[in-house]
Each structure stands twice: as C-alpha cells, then as structure tokens.
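Q: Chains as they are written, first to last, in this note's numbering: chain A, 5 to 252; chain B, 20 to 136.
Hints are not guaranteed to be accurate.
Said to hold, decoys possible - Here are some chain A residues the structure puts well away from chain B; computed CB gaps all over 12 Å:
#	residue
1	Gly-62
2	Leu-81
3	Arg-86
4	Leu-92
5	Thr-115
Claimed, not checked - One-sided excerpt, in silico: chain A residues whose CB lies under 8 Å from chain B:
#	residue
6	Pro-7
7	Ser-17
8	Phe-66
9	Phe-90
10	Tyr-91
11	Pro-93
12	Gly-96
13	Ser-99
14	Thr-103
15	Ala-110
16	Met-111
17	Leu-234
18	Tyr-236
19	Leu-237
Note that these hints are calculated values from the structure, not bench results. A virtual CB, placed ideally from N, CA and C, is assigned to each residue, including glycine.
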Amino acid sequence: MSPRDEAVFTAESFGVAFRGRQVLKSATAWTHAGSVTVILGRNGSGKTTLIRAALGLGRRDFGIVRFADRAWERPRLSTLARRGLFYLPDRGLLSWRRTVDWHFRAMSSFTGAPIDHSAIEGLEIEGLRGRKAKTMSGGERRRAELALALGRQPVCLIADEPLAEVSPRDRALVSTAIRRLAAQGCAVLVTGHEADDLLKLADLVIWMVGGTTHWLGTPDEARSHSQFRLDYLNSPNPHPGSGGETTS
Amino acid sequence: MTDSPTAGHRTAWGLAGEVVTAAVRRTALIWLLLRLLLALVLAASPLGRGPLGGWKHSIVLVLVATGLVLYDARRLNERVFAENLGLSERAIAVVSLLSALLLEILLQVARPFLSGA
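Go ahead and model the full structure; you've got the sequences and the hints to work with.
A: See below:
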C-alpha cells in the first residue's frame with residue numbers, strides 16, 4: 005500500500021520554473037484525514053511555491069491536485085475552498101482595516117454556516133475579536149487567523165508557516181489547536197522551520213530538497229534519517245549509516 | 020455573539036467589493052498617474068485621434084484600470100480571505116470592471132464642471 009493511498013489532499017508531481025531556474029522538479033505532498041503532514045526544507049527549497057502552485061495562486065508548469073474525490077488539472081483556491089479546503093498563507097489572511105469579528109461575520113454570512121465556537125476555544129482570541137488586524141502583534145494575528153480556519157471546520161487545512169514569528173506560548177496554543185482539528189478528522193498539511201515543534205506536531209514528515217520531495221515517514225523515522233539530520237536539522241547522526249531510505 | 024448565518028448581511032458582491040476597494044486604495048495614485056500618461060499618449064498619437072479616439076479612449080482607460088486593480092489584488096490578504104470562502108476570481112474581476120467603469124463615467128460627467136472651474 006502506497007503512503008499516498010486514501011489521502012484527502014494530494015499535490016502530485018508539481019514542477020515550476022522561474023526564469024529558466026527549476027524551483028520544483030517533481031514535488032509531491034499529501035495528507036490524510038485526521039493526521040498532520042509536515043513539509044520541512046531549507047529556505048528556498050520550494051515549500052511555499054508548491055503550496056501556492058497547488059492552490060492556483062502561483063505559477064505551475066505541471067502537476068495535478070487530488071481533492072474531494074477529483075483530480076484538478078487547473079486547481080483554484082476558490083473552487084477547492086467550496087469543497088472544504090482552507091488555506092492559511094504565510095503572509096497574512098486578515099484585512100488590516102477590519103476587526104476579527106468582521107471576518108467571522110463575513111465568513112458566516114457568505115458560507116451560510118454558523119461558526120463552530122467550540123473549535124476555537126483555547127486559542128485565547130476573546131480579547132482580540134473587536135480589534136483590527138493592524139493593531140495586533142504577529143502572534144495575535146496568527147491565532148486569530150487560525151481561529152478563522154478552525155471556525156470554518158475545514159475538511160483539509162493547508163497552513164504555510166503557522167508557527168513563524170510566534171512566541172513559544174502562542175506556538176503551543178497554535179500547535180494544540182491544529183492537533184485538535186486533526187483529531188476531529190481534518191487533514192492538515194503544514195510547513196515551517198520550527199523543526200522541534202513541527203516534529204512534535206507531525207504524524208508524517210515530508211522533506212523537500214532540491215526541488216523535489218522525500219517521504220521520511222513518522223517524526224521518529226525522520227529524526228533517525230542520517231541525511232535529513234545532517235542537511236536539515238544540522239545535527240550530525242551519532243550513528244552513521246543508521247538513516248532510513250528516502251522515498252520520492 | 021452575532022455569528023448567525025444572516026448576521027453580517029455580507030453577499031458575494033460585498034466580499035468582492037472589499038477586495039476591490041482594498042486594491043483601489045493601494046493603486047489610486049499609480050492609476051491617476053497612469054491615466055494622465057495614457058491620456059497624453061493617446062491624445063498625441065494617431066491611435067488616439069483615430070481608432071482609439073472618443074469613447075474608445077475611455078474603454079482603453081477602463082480596461083487598464085481593471086487590469087491594474089486585478090494585478091494588485093493578487094497579493095492582498097482580502098483576496099485570499101475571500102477565495103478561502105469560495106468567492107471566485109470572476110466575481111472579483113466583474114466588480115473591478117464595474118468600479119473602473121463607474122469611475123470613468125463619473126470623470127466624464129464631471130469633466131465639463133472641472134474644466135469650467
């Protein structure tokens with residue numbers, strides 16, 4: 005059985021070139037219902053490029069998305085979102101001129117579905133609801149953005165660097181909320197550089213290097229992968245040769 | 020809490036308007052300069068006196084304004100938020116076009132008063 009079998013969301017064999025430079029060669033990422041897949045890779049390895057290409061927000065030379073029992077040759081975020089996907093971008097989701105409450109009202113009104121307040125408990129956003137995004141710190145904005153994602157009750161959440169520029173306390177809140185969302189059956193795909201936190205959060209780890217992806221397996225298997233430890237974690241393997249095999 | 024399905028009274032057009040308004044706020048100055056430049060170029064060139072003269076001149080300006088707003092909207096938080104709710108790019112494009120058209124009509128209507136003053 006392939007590790008991709010029964011995945012809720014798969015971005016398959018994506019290739020992207022910018023001005024003759026091949027940023028993605030054949031990158032594939034996926035996530036299952038009720039689990040968190042983490043994509044790790046050095047800066048510039050193509051994590052955000054893969055996600056943006058898979059959601060129709062960036063350039064895509066080839067690659068298809070499988071989601072909601074369909075293959076999408078020309079995926080668009082709005083189309084995937086109507087089928088239950090939610091995308092948390094690395095650079096921000098909230099309108100700077102609007103309050104958090106405005107976003108919740110807009111979401112509820114537009115989708116016709118009430119907000120699931122139980123899902124956003126624990127993110128400590130009660131004090132933020134009346135505030136505009138431009139008056140918040142990075143960590144507060146991230147919590148509010150994640151609360152929107154959770155309130156939407158998505159089938160699949162794709163979060164690009166949700167722990168970036170977030171304090172340890174807020175990081176713990178965000179990680180717990182993501183874990184709880186997965187426990188409710190959501191398929192979660194996350195990227196980032198906070199290796200310790202993300203490996204604790206992950207069920208599966210994908211390593212992106214040289215424009216392609218390698219499936220490393222569980223966090224423990226990833227930690228024991230000698231090449232990954234050396235090239236990404238910068239932690240030389242005390243037992244050379246004990247690393248597992250990579251699977252493209 | 021006011022999060023009932025009808026509490027916000029936000030429609031698809033309202034959300035698209037939010038995206039376009041944010042883009043227009045950011046591009047207004049660039050658009051004014053571009054409009055001035057384009058108007059000067061069209062007035063001085065054979066194209067502006069011939070095939071793109073008169074009302075066709077206005078259509079060119081409306082299309083350029085729409086393109087500018089749509090290009091800027093690609094990077095906006097508001098657009099990602101709207102698309103996350105399922106709002107299509109087509110709705111954003113239609114609202115951009117209507118906004119540019121409305122602005123151009125207003126400018127044409129106001130022109131005699133502005134030049135008179």
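Q: For every hint, state whether the structure bears it out.
A: These are the hints, each one checked on the structure:
no., hint, result
1, Gly-62, "violated, 10 Å"
2, Leu-81, "violated, 4 Å"
3, Arg-86, "violated, 4 Å"
4, Leu-92, "violated, 9 Å"
5, Thr-115, "violated, 6 Å"
6, Pro-7, "violated, 28 Å"
7, Ser-17, "violated, 24 Å"
8, Phe-66, "violated, 21 Å"
9, Phe-90, "holds, 6 Å"
10, Tyr-91, "holds, 6 Å"
11, Pro-93, "holds, 5 Å"
12, Gly-96, "holds, 5 Å"
13, Ser-99, "holds, 5 Å"
14, Thr-103, "violated, 12 Å"
15, Ala-110, "holds, 5 Å"
16, Met-111, "holds, 6 Å"
17, Leu-234, "violated, 36 Å"
18, Tyr-236, "violated, 28 Å"
19, Leu-237, "violated, 31 Å"
The structure shown violates the earlier hints numbered 1, 2, 3, 4, 5, 6, 7, 8, 14, 17, 18 and 19.
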